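Q: Sequence:
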Amino acid sequence: MAHTLTNQEVAELFETMAAALEILKKNLFRIRAYDRAAASIRQTNQSLFQLWQEENLDSIPGLGDTFIGYLDELFRTGKVKHFQEILAKVPPAVPDLMKLEGVGPKTAQALAAEFDLPRGPAGYKKLKKVAQQGKIQNLPGFGEKSEQEILDALANVTSDEKRLLLATALPIAEDVISYLTTSPDVLEAMSLGSLRRRAPTVGDIDIGVKTDKPDLVMEHLLKYSDIRQVLATGSKSTSFRHQTGLQVDVKTQSPDRWGSMLQHFTGSKQHNIHLRTLALQQGYSMSEYGLKTEQEESLSFEDEVNLYNQLGLVFIPPELREDRGEIASAQKGKLPNLVDLKDICGDLHMHCNLDIPTSHDRGANSVEELLDKALQKGYDYIAITDHNPPRRGLTAKERLEVTRVRRTQIQEAYLRWQDEQDRVVQLLIGYEVDITADGSLALEDDVLAELDFAIASIHTSHKQPQETMTERILTALNHPKVRILGHPTGRLLLSRAGIEADWPAIFEFCAKHNKFVEINASPDRLDLPAGLQRIAHEHKVKFVINTDTHYVNNMDLMRYGVWTARRGWTAKNEVLNTRNWADVKQALTG
DNA sequence: GCCGTTTTCGGCCCGACTGTTTTCAGTCG
Numbered sequence: 006m007a008h009t010l011t012n013q014e015v016a017e018l019f020e021t022m023a024a025a026l027e028i029l030k031k032n033l034f035r036i037r038a039y040d041r042a043a044a045s046i047r048q049t050n051q052s053l054f055q056l057w058q059e060e061n062l063d064s065i066p067g068l069g070d071t072f073i074g075y076l077d078e079l080f081r082t083g084k085v086k087h088f089q090e091i092l093a094k095v096p097p098a099v100p101d102l103m104k105l106e107g108v109g110p111k112t113a114q115a116l117a118a119e120f121d122l123p124r125g126p127a128g129y130k131k132l133k134k135v136a137q138q139g140k141i142q143n144l145p146g147f148g149e150k151s152e153q154e155i156l157d158a159l160a161n162v163t164s165d166e167k168r169l170l171l172a173t174a175l176p177i178a179e180d181v182i183s184y185l186t187t188s189p190d191v192l193e194a195m196s197l198g199s200l201r202r203r204a205p206t207v208g209d210i211d212i213g214v215k216t217d218k219p220d221l222v223m224e225h226l227l228k229y230s231d232i233r234q235v236l237a238t239g240s241k242s243t244s245f246r247h248q249t250g251l252q253v254d255v256k257t258q259s260p261d262r263w264g265s266m267l268q269h270f271t272g273s274k275q276h277n278i279h280l281r282t283l284a285l286q287q288g289y290s291m292s293e294y295g296l297k298t299e300q301e302e303s304l305s306f307e308d309e310v311n312l313y314n315q316l317g318l319v320f321i322p323p324e325l326r327e328d329r330g331e332i333a334s335a336q337k338g339k340l341p342n343l344v345d346l347k348d349i350c351g352d353l354h355m356h357c358n359l360d361i362p363t364s365h366d367r368g369a370n371s372v373e374e375l376l377d378k379a380l381q382k383g384y385d386y387i388a389i390t391d392h393n394p395p396r397r398g399l400t401a402k403e404r405l406e407v408t409r410v411r412r413t414q415i416q417e418a419y420l421r422w423q424d425e426q427d428r429v430v431q432l433l434i435g436y437e438v439d440i441t442a443d444g445s446l447a448l449e450d451d452v453l454a455e456l457d458f459a460i461a462s463i464h465t466s467h468k469q470p471q472e473t474m475t476e477r478i479l480t481a482l483n484h485p486k487v488r489i490l491g492h493p494t495g496r497l498l499l500s501r502a503g504i505e506a507d508w509p510a511i512f513e514f515c516a517k518h519n520k521f522v523e524i525n526a527s528p529d530r531l532d533l534p535a536g537l538q539r540i541a542h543e544h545k546v547k548f549v550i551n552t553d554t555h556y557v558n559n560m561d562l563m564r565y566g567v568w569t570a571r572r573g574w575t576a577k578n579e580v581l582n583t584r585n586w587a588d589v590k591q592a593l594t595g
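Just so you know, we're using the numbering used here here: the first sequence kicks off at 6 and counts up by one.
Among the hints, a few may not be true.
Keeping only pairs whose Cα atoms sit at most 25 angstroms apart, straight-line, the calculated DSS-like set for lysine-lysine is [claimed, not checked]:
| # | residue 1 | residue 2 |
| --- | --- | --- |
| 1 | LYS150 | LYS130 |
| 2 | LYS94 | LYS31 |
| 3 | LYS150 | LYS111 |
| 4 | LYS104 | LYS130 |
| 5 | LYS402 | LYS382 |
| 6 | LYS94 | LYS130 |
| 7 | LYS150 | LYS241 |
| 8 | LYS274 | LYS31 |
| 9 | LYS347 | LYS382 |
| 10 | LYS590 | LYS577 |
| 11 | LYS517 | LYS547 |
| 12 | LYS274 | LYS297 |
| 13 | LYS590 | LYS545 |
| 14 | LYS84 | LYS104 |
| 15 | LYS274 | LYS339 |
| 16 | LYS133 | LYS347 |
| 17 | LYS218 | LYS228 |
| 18 | LYS228 | LYS382 |
| 19 | LYS104 | LYS215 |
By construction, these hints were calculated from the structure, which means they are not laboratory data. All figures in this text were calculated on a predicted structure; none of them were measured in a lab.
From just these sequences and the hints, can you work out the full model?
A: This is the structure:
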């Protein structure tokens, strides 16, 4: 009987092992190997368990023969004997204690051993008690301040650990940046880290400031009104907890080293480690300040392009910096020509507010409002794709009837609107059709025949087993009217994992039958995820980037879809809605 | 314990900040 574990659970296990080995003062590089493997597992989109079943675990960087052996044992038996032996040697409370801010393996070990702390909430409770009694400050290596810090960390333990959607964090960062730039000493300020890499969710906000007067900038920053608590402050770096609970790190750098600082704090960590290893091979030691030769000569960089070039690489866009092969590709000068927001010529998935029965939520705005916005954005075409009429409560005949009425109403509104414009915005009329649990579409063929095209999406029964799900999707895609697979995995960031399916089989089908795979720009979806896009490329799949607009201003979220596509290494020529109207019309209705 | 346009052995990224320290260890990113 196999034991299913999520990637997160396995990653945590490896992190716990790394901490235990550190406490036991084992070889530093062995510890680092566990940490690297954990990081690698965390950022893998594919299920580790599934990869194990397919004997593909060696495709994950950082997993060698030994680790793969451990994982094999873990998935077969639910435990790893070697891990249990190691973990038995450290107090059981250590992993929980390490979740506290400022508490690492050594501190956790010292506290757990001294006070005989149990694991979980009981351990936190006892720790709080001894801290309040002033018993911690008397331990060697501890003092009054570290005791207080432990109390502060305990107070934050529940509210912490939160990740936010990219679209939630970005405006917070933009507010801090706009405050910073009110100081004349700030020459430039921009978000770095996972925010700049446009990761789907972010755990903190990193901001870089270009300045010649770092002390004055930090002084200015500490007066920012939304600071809840200052965590650390110096002239190079200040960290604070924002009112929202999010941690914000602000770093300063002089203009002559701005490029190195951007690179360093944009990360990712794994990308930087790889890059520094490459630098070492070329005789440089690399840091946030620049490169140093073996003769201690320093090279500084005002911008990132020069820095990458110095290492023999073409510039790597931030979205690619995840150590997923981008460094090797940049050495060969072979990075894809990534799609850009300005390449987008239209939006092919949006919902309007016509009073026609729909199976899911209707849009909030009229056809004319959507067209106005499309014109304003310079689009050449849009598609209005409301949810299909429901199966319950309507007869097949009524579904056909409301579909015809809808089409007439949209067309009349469109013609009236277009008549008043100098520029043409082309319009397609479709539905977003539910893929029902058995793979049939939620509409009859004669209703589908009324449409220009259909997007097929899963909105129910997300938990079907992989084989059923795959068959279900392939059956739906097989209908000639269906041209787009909408929000393919159905994931909702921070709340729902995506479906399990045989993606290579689905992608192969899509490529062969000219079906387009949607990259949904809705900030809580960002679906198809980057890792699956990479697999889709291998099968020569074409994509379409859509906003799935329900409120007219959602059309401005297109940039999130483009960023997601870029993170998946998707090039302009792989995206349908970068093409002209004739191509799009042919592709969706031909 | 991983990994290889130097290698199947011998390397393995770099620095800021903090607290408790008389020169540094621990934590974090």
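Q: It remains to establish, for every hint, whether it holds in the given structure.
A: Going down the list of hints, with the structure as the test:
Between LYS150 and LYS130 the alpha-carbon distance is near 19 angstroms, which keeps this suggested pair within the 25 angstroms criterion. Proximity of LYS94 to LYS31 is assessed by CA-CA distance (about 12 angstroms); at most 25 angstroms being required, the pair is judged to hold. Note on LYS150 and LYS111: the hinted pairing holds, with a Cα-Cα distance of about 17 angstroms set against a maximum of 25 angstroms. A C-alpha spacing of about 14 angstroms is found between LYS104 and LYS130, which places the hinted pair at or below 25 angstroms, so the restraint holds.
A distance of roughly 38 angstroms separates the Cα atoms of LYS402 and LYS382; the hinted pair therefore is violated under the 25 angstroms criterion. Between the alpha carbons of LYS94 and LYS130 the distance comes to roughly 23 angstroms, so the proposed pair stays at or under 25 angstroms and holds. Simply put, LYS150 and LYS241 have alpha-carbon atoms about 22 angstroms apart, close enough for the 25 angstroms limit, and the pair holds. At most 25 angstroms may separate the alpha-carbon atoms for a hinted pair to count; LYS274 and LYS31 meet this at roughly 23 angstroms.
With a C-alpha separation of about 10 angstroms, the suggested pair LYS347 and LYS382 falls inside the 25 angstroms cut-off, and the hint holds. Taking the CA atoms of LYS590 and LYS577, the gap is about 18 angstroms. The hint holds against a cut of 25 angstroms. Restraint check for LYS517 and LYS547: satisfied, since their Cα atoms lie roughly 10 angstroms apart, inside the 25 angstroms limit. Note on LYS274 and LYS297: the hinted pairing holds, with a Cα-Cα distance of about 20 angstroms set against a maximum of 25 angstroms.
Annotation: proposed proximity of LYS590 to LYS545 holds, straight-line Cα distance about 21 angstroms (limit 25 angstroms). Between LYS84 and LYS104, the direct Cα distance comes to roughly 23 angstroms. Compliance with the 25 angstroms bound is thereby established for this hinted pair. For a cut-off of 25 angstroms, the pair hint linking LYS274 to LYS339 stands: about 22 angstroms separates their Cα positions. A distance of roughly 55 angstroms separates the Cα atoms of LYS133 and LYS347; the hinted pair therefore is violated under the 25 angstroms criterion.
Between LYS218 and LYS228 the CA atoms are separated by roughly 16 angstroms; this keeps the pair inside 25 angstroms, and the hint holds. This hinted pair does not check out: LYS228 and LYS382 have alpha carbons roughly 38 angstroms apart, beyond 25 angstroms. Note on LYS104 and LYS215: the hinted pairing is violated, with a Cα-Cα distance of about 33 angstroms set against a maximum of 25 angstroms.
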